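A.B. asks: Residues per chain, in single letters:
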Amino acid sequence: MTSVMPLRPPRGPEHRPGRKPAAADRAAGARRGSGGPEPGRRSWWGAVFAGPHSVGLAIFTLLPIVASLVVSFMSWPMVGERSWVGLGNYSDLFSDPVFRTVILNTVGFVVLYVPLNLMISLGLAAWLTPRIRHRHVFRVLFFIPTVTPIVANVVVWRMLYEPGGLIDATLDSTVGVQAPNFLVDENWAMLAIVAMSVWQGFGYNMLLFSAALDAVPENLVEAAQLDGANAWQTFWRVKFPAISPTIFFGTMMTLITSFQVFAQPFLLTKGGPGTSTETLVQYIYNTGFQVQQLGLASAGAWVLFVIILGVTAVQFLGQKRWVHYE
Amino acid sequence: MRRRLTLGVISVATITGLMLTGCSSGTDAASQTEDSLVWSMWISGSEDQAAWQEVADAVSAEGGPEVTIQGSPFTDYWTKLRTQLSAGDAPCIVSIQSLRAANFTDVLMPIDSLAEEAGVDLSEFDETALDGMRVDGDLYALPYDTGPVVMFYNQDLFEEVGAEPPRPGWTLDDFEAAAARFAEAGTPILASSVEDLFVESLILGYNGGRVIAEDGGLDATDPGFAEGLDWMSSLVDAGQATQASSEASADDNAYVNGQAGMYIDGPWSLLTQKSRVDFTLGVTTIPAGTTGPSTFSAGSGFGVSKECAHPDRAFEAIRTMTSEQVLTSLAEQGRAFPSRTAAQQTWYDSADIEGAQEVLTAAQQASTPLPGNRQSDQLAQLLTQYAVQAVNGQRSGAETMESIAGQLG
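So the protein sequences, as listed, match chains A and B.
Just so you know, we're using the numbering used here here: the first sequence kicks off at 1 and counts up by one.
Just so you know, we're using the numbering used here here: the second sequence kicks off at 1 and counts up by one.
Don't read these hints as lab results, they were simulated from the structure.
As the structure is a computational prediction, the values presented were derived from the model and not from experiment.
Hints may be right or wrong, so weigh each one.
To be verified - Here are the simulated DMTMM-like cross-link-like pairs (lysine to aspartate or glutamate), alpha carbons at most 25 Å apart as the crow flies:
| no. | chain 1 | residue 1 | chain 2 | residue 2 |
| --- | --- | --- | --- | --- |
| 1 | B | Lys80 | A | Glu81 |
| 2 | B | Lys306 | A | Glu81 |
| 3 | B | Lys80 | B | Glu54 |
| 4 | B | Lys306 | B | Asp57 |
| 5 | B | Lys274 | B | Asp48 |
| 6 | B | Lys274 | B | Glu164 |
Claimed, not checked - Covered by chain A, per the in silico footprint, the following chain B stretches (three or more residues, Cβ under 8 Å):
| no. | segment |
| --- | --- |
| 7 | 81–89 |
| 8 | 235–247 |
| 9 | 383–390 |
Unchecked claim - Partial selection, computed: residues in chain A whose CB lies under 10 Å from chain B:
| no. | residue |
| --- | --- |
| 10 | Asn181 |
| 11 | Val184 |
| 12 | Asp185 |
| 13 | Leu267 |
| 14 | Leu268 |
| 15 | Thr269 |
| 16 | Gly272 |
| 17 | Pro273 |
Even glycine gets a Cβ: it sits at the ideal position worked out from N, Cα and C.
For reference, chain A alone in the conformation it holds in the complex (with noise of 0.2 Å):
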């Protein structure tokens, strides 16, 4: 190991590890060279410049988020006698059926999105090695649906989806079966919307990843080649664990915003047929919007919040057994 590190050209990965510590000691002495007479002066100009910032957030973040709270123990139609309703939004939208309903539909397209994503991403972005000739090319390829607006998308998905649409036109010429019409069959409208959200949204994961693999030392890489890992061992052993917290983080986020899925469905299906596509912000978005009980409305918003909540509490408590910092 010793004998072949020095021929290779010194890159990037390899020097790493010695760039936090430089780092860390300039800090250090910066601090120590400063400290005393004027602490105030740098501690107000943060303030400064802060400043801007928190008040944005205090006004378009916090305000919004406590009136929610406070909308929520009401009965608020957008027009008309606003009254304190204690729980009764809560109580009316655990007895609602509906609601029910939208939250396993949320949970399902959790289940199936999630790891769809993940491991398409994943997959993409092992394969991407700066080995593959123009990984570039592909990897701009592969972002484009990311880039791309929703609502194009979904104008293309709906070409394919459609009875004498690509899918069903080519079944029927090539096999002469007729595909399912997905978007209003209540067995694959669902499964419909995660295949296109799937598309649409992996290539932000798989720039992440391709770029935390890119980082992985490459010492690390070789010497478990030299110890005779093959490829998938070498992945699985050597450089998972290394890209585990981007894994994380990745998850994580993955998990948040697909708990929040609005615009596939209401745009391919607007949560029909019946109500096999309809989630918690569709239906958030209709009772405000629709039948317009903001108040009911924001019981759900913060029903929401805190299966969100939960979900990546759970995620942080578990990430100890998986997730590896360095």
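For chain A, the structure is supplied; the task is to place chain B on it using the hints.
C.D. replies: Leaving out everything else, chain B in the frame of chain A:
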């Protein structure tokens, strides 16, 4: 040190101030004066914007207030309007659809007395158009367009499959005979739709079934309506109609692409569709079933919001916006079938579609305004979600309507 602190405080204050003014300057509806009013309107593109801008300009040219259009796409319009009205930030002039007038009576001003004071001769308006804007006897808007729901058909396709061209007043039997011809040729005759106005009109024509009663009350479990859905499902099953989709434009597209012989729409779309299709477009009435010729009509108009501080000026504006001159010029552009009878001939002339006048007259006579209901937006959403299943034969009409009724509460 102190100087720096002052500087910091000033910059925070400035930025905060900028942010706050940024918030308030975006809502021009709040700053309406006697001479400058805001008009909320659904706008679908720059061409649309230009046409309505001319209408707005006509108001100031007549000595009325300056009218600023606040546009949003039709699908978002109602949500946005509701939110604005509830936030106390209402535009003075509000565009409204007849079938939604009842949802907005709490925020719109009855304008009968304003019309009387201003000496507006309401008899110059189409009777059905005015009726559509009345809720419990009070008038809430001056209509600018109206229209009975009709069917657009593909003349070339009818000829090709050897079906009798549909005459105005054609019956269900005629329809079914033509549908059989289409099915033989392997093309569905009807592009199915589950949009509220259209599906409700088709079923009203079929057997008189309706989910919104004449008094505007909801009756989602009406057995006639459920039977109507079953009938639509039987058409799909027999290959005589396309499968329904939750996408509102699916039926238009199927028709324009020649994948179906006909579909349901209103005269407001006639000229747009005529320019889109590459076949001869025909128009006919909804097939008359067991209750004789019948269809719903709907139209749009302009009302004055209750919160408006200058209702007289706002009324002056909407009076000009629905004047014969403005409506005639809109008719020339083929925008909307005018609510004033005097302007309708211009529309027929510019439409230049054979038999359109005969069909629209017949349909208008057979039509009743689709009454609005507070829950009609929700009903429309539920129909898109559930009626798809009924029409495509996954559930019976009665089951479907029961689910809808359950959600309407």
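A.B. asks: Of the numbered hints stated earlier in the document, which are not met by this structure?
C.D. replies: Nothing - there is no hint that the structure violates, so all of them hold.
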